[in-house]
Every structure is written in C-alpha cells, then in structure tokens.
Amino acid sequence: MTHVAASRTRLSVVQGGAAKPSASTLDALFRQHARFVGGIAYRILGRDGEIDDVVQEVFLETLRAADRLDLTQPPQGWFATVTVRVAAKRLRRRRMRKLLGFDTGATYEHMATPDASPETRAQISRLYCALDDLPPAERLAWTLRHIEGEQLDAVAERCACSLATAKRRIAAAHSRLQKVVGHG
Amino acid sequence: MDELSRASEKLRSSLSDPEWNGEREHAILAGVKREWSNGQARRRWPALAAAAVLLVATGTVLAIEGRSFWSAKKVAEAPAMGTVTQQEVSREVVLRDGSIARLIGENSAVRVDKDEPAFVSLTLLSGGAHFDVTHNEQRAFHVLAGDVVVEVVGTIFRVEYTADLAIRVSVDRGRVKVQQGSRTAEVAAGDSIVFPGGPSVAAKDPAAAGNADDSPPSPSGASSADPARTRWRALARDGQYEAAYDAFNREGAAALLPDEPGALLLAADVARLSGHPADAVAPLRKLVAHHRADPRAAAGAFTLGKVLLDDLGRASEAARTFAQVSSLDSAGSLSEDALSHEVEAWARAGEDRRAHERAAAYVARFPNGAHLRMVRKVGGLD
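Chains as they are written, first to last, in our numbering: chain A, 1 to 184; chain B, 185 to 566.
Some hints could be false.
[Claimed, not checked] To spell it out: a stretch of chain A is covered by chain B in this simulated footprint if at least three of its residues, at any positions, have a beta carbon under 8 Å from a beta carbon of chain B; those stretches are:
1) 44–53
2) 116–128
3) 141–151
Derived from the structure by calculation, the hints contain no laboratory data.
Virtual Cβ for every residue (Gly too), placed ideally from N, Cα, C.
Based on the provided sequences and hints, a complete structural model is requested.
Encoded structure:
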C-alpha cells in the first residue's frame, strides 16, 4: 500500500525520477521560506522598500523553474541563490539610477537592532553607504562573505562565478571598504 | 583577521531583520499569484494557464473543482501500490482513474489501500483531505476515517478529523453515503455531517487535539457550546484559520484558554496556519510543560521545534526542543524525525560540534533511517 503524508519540509515526490513541486506546495513553500528570502534581500540591499518585490520575484522564478527543481536537496540553497541573483539585478538598476541622478541614496541606521548603541548604528550606516558605492558584483560577494557569513565556495555558487573570481571580488570590495569605513 | 573583518563580524549580530508579519506575507503571496496568472509565466509556460486561473480565482493554490496543471501532469504518475518512505510525500494523490485526494493542512496523511478499476479504497489516517472523485458507476470508491466509511460514485467532498477527534464529512458536489456502525446517512452538496470519533488511527495521531466541545452528529456539524466563546474553535475546525485567529483575538480567548492539550494544540494551529507562528509558541510550550504524560505532548514539542526553526529562525531553541521529543514520545513514531531536525537545527545555529554529536547518535540509532543522507551531510559525518 502507498502511504502519503503532508509535511512542511518534504514538499513533494513523484514515483521515480527527480522530485517536482506541485501547485499545492506554493503556499507551504512560501510560508516556510519567504521570511528567509526577505532576510537575505534586506541584508544585501539595505532597503526595506525593495524587499517585497524581491521576494515576489524569487517565488515567481521558483514557479518558472518548477520542472527542473530538485527538492530532494534542501530548498534553502536554491532560495539563497535565486535571491542573490534577483538582488543583483536590483543593485545594477540602483547603480544605473544613481549614475543618472535618480537615486539619491539612503540612510541605513534603521538596519540596526533596537538595542544597538548609537556608535553601532553609525557604523552600520557608514558600511551600507560605502557598499552603495561598490560595483554590484563586488558588493554581493563581500556581503555574502562578511555579512551573511557564507563560506567562499558558497559565495562562488551564489554568485555563479568561480572560486577565484569570488575571492578577487571580495578582496577588491574589502580594500575599498577599508579606505572608507576604516576602523568604524 | 583585519579591523574591517572584525568589525563586520560584530556588526552582523547587530543587524535587525526586516519587519515581517502575516499581512506582509499575504500581500507578497497575492502578488506572486497575480503576476503568475497575468501571463508573465504563461508566456514562458503555456501549459500552466489553467493552474494560473485557478490561483487567482480561488486565492489558494488548489481549486475545489477542475484540475491544476500539477495534478494533470501527475495523472500519468499515479502512485504505485508500494510503500513510500516518510521522505516521499506529496500534498496530493492522483489515482489511476484520475480521482484526486488533496491533503489539507499540516500533519495530514492518507493511505491508498486499493486502486483498482472496480474498487478504490483510501484511509484518512490524520488531519483532512479533499476528494475529487471521477464519476464511475462501475467502480466502488470508499474513504475510511476511523470507523466511518464514506462511499461515493462521483463527487467532490472533504473528510477530516476535527479537533475533538470527531469525523466531519462535507460535500461540495454530488452526494455521498456515509456509514458508522449501523448508522447510515446520505449527505448532499452543501451539507456536512459530523460523527463522534470512534476507535481510529486518528486517536493516536499526534496532530489531532482533544476538545471538550464534542457534539453529536448533526447535518450542520455545529457545536452546541456557547457560540461567543467557541466561534474561533468552530472556524478553526472548518479550516478558516485566518478568521479563527481574528476571532481568537477579538474574543480575548488567550486569557480564557483552558490548560488542556486539545485547546492548546488548536490555539497553536490557529496561530501557525494563519501566518502568526510566534503566537503558537506559548500554547505549545504550555502543552509540553504541563502535560508531559499526554500522548499529544510529543507532537506539541515537535511542532514547537518546527515553528522555532522554520518560522522564527531560533535554531538553538529549536534544537533543544527537538531534543525533548524522544523523552515524550513513548510510541517512538516521532523520534527519528525529531533527531534529524535536531541535527539540522544545531547546524543552523552554528553549533557544529553538537550537530556532529547528534548526527552520530542518529546514525547509531537509525542506520537505515529515512534522513540518513541529510544527517550525515549536515552533521559533518561525510
């Protein structure tokens, strides 16, 4: 006999072959991972107003990729990678807008926890302002490494580049940030 | 490590999370469904058009009538009559004749006993399921829930265990015959019937919650208790969790919630399934702390662990909570899952040593376990 049970972490299976999501998993998938996606988007972009669009686009991409998704692997890796990709597009758009004078920047003290000291708030704000001046690819690699705490190979995977390229981007970003942020 | 690296490591722990609540989630999810149905995806994937329309029309992923792309695709992949491990789960089962059973809510389980041209039989093990049965007068189609048998020819109906372990059968289209012992009844479209729970697997189902509001079977299935005090319960039993959550808060039910396993589990379910997982923590903690001897305590601890880990990102707390499940789980049915989740939670908390230790414990206890591969990888045993 066949025993079928619903589970939040095991989303679907098909007899034989790779696992595929069913339409009925969208709500469960969303409830399980949307906050995670939003958190990564927030820490990469620094702007709350952009999160909703990013989360929406990540899940749309998930629906589009549904027939090739392998849900036997933990889906968080998938979501992290797609979030980085979508955030990268937003960063490139933001940079273009800035070059054209449409993006006047932002302050980032709101990103600190409520109990953070004024000094910490200022450091966070300085850091994110400095990140705004970096090329998107470097900013992403550095943020994944030093804010998200990802291992180098994970950074490379998320950024869809080689390990050497990831290291190079992180080093370049780090060098620029050190000049601007200094000792905080 | 240079100054900037040290500083960024410190700052990492001072970064807040974005404000996140049910309303925001709901709005974003609605946007996903809207964009999907507006054809952005349809241009790339025409076959999903039917599913997209259903998403917009119903506001939920599954329609009551008709077929979604996924189930249509699955028609060719009807479940073989074999044993599916706990890792292999789906929210819907498509039978050989195209009939579909869709699981409702968390912790629902259905077993396919027979899937033959002349006879189909399924057992609802826990939770609830929605059935869309193709019309075929040459075939008998039965759904068993406890000692209740639902017999249909071709119709759309739902069978579910309520919070007080009663069995509710609701019919959307057509007519079904329902029998419990010597009692039989026919239920027409738009009606529902509730049978008191008898001997059933649902009694052992950790997701089923006890409730003092047992009602005798009646066509409407309504509770006879004070409507003002139990409105949220009735809504929850109907699966209307968002409305139940609103009613719960409006009625001030938190202050009046009895310290009783069934009520605590139901309140937690309402919070979780309406998108307010943080509000599920208190009743689940109370269940585990005050009712350790109750068979539902293990399920409560397991559910609490999942909420802490998956919804709230409190990985260390989740790990400690999962660790409690074994001591509460005398039947042992949750222990394997709980231990695998404990390994995952320690790993996500950055506690690699503990993850490694608990992964080794899992491998020793469950050498052929369903989660072996994940545990070995996450626990650093590979």
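The hints, checked one at a time:
Coverage of the stretch 44–53 of chain A by chain B holds. Counting CB-CB distances below 8 Å, 3 residues qualify, and the rule asks for three or more. Residue count for the stretch 116–128 of chain A with a Cβ under 8 Å from a Cβ of chain B: 5. That meets the three needed, and the coverage hint holds. Counting residues of the stretch 141–151 of chain A whose CB falls under 8 Å from any CB of chain B gives 3; the rule of at least 3 is met.
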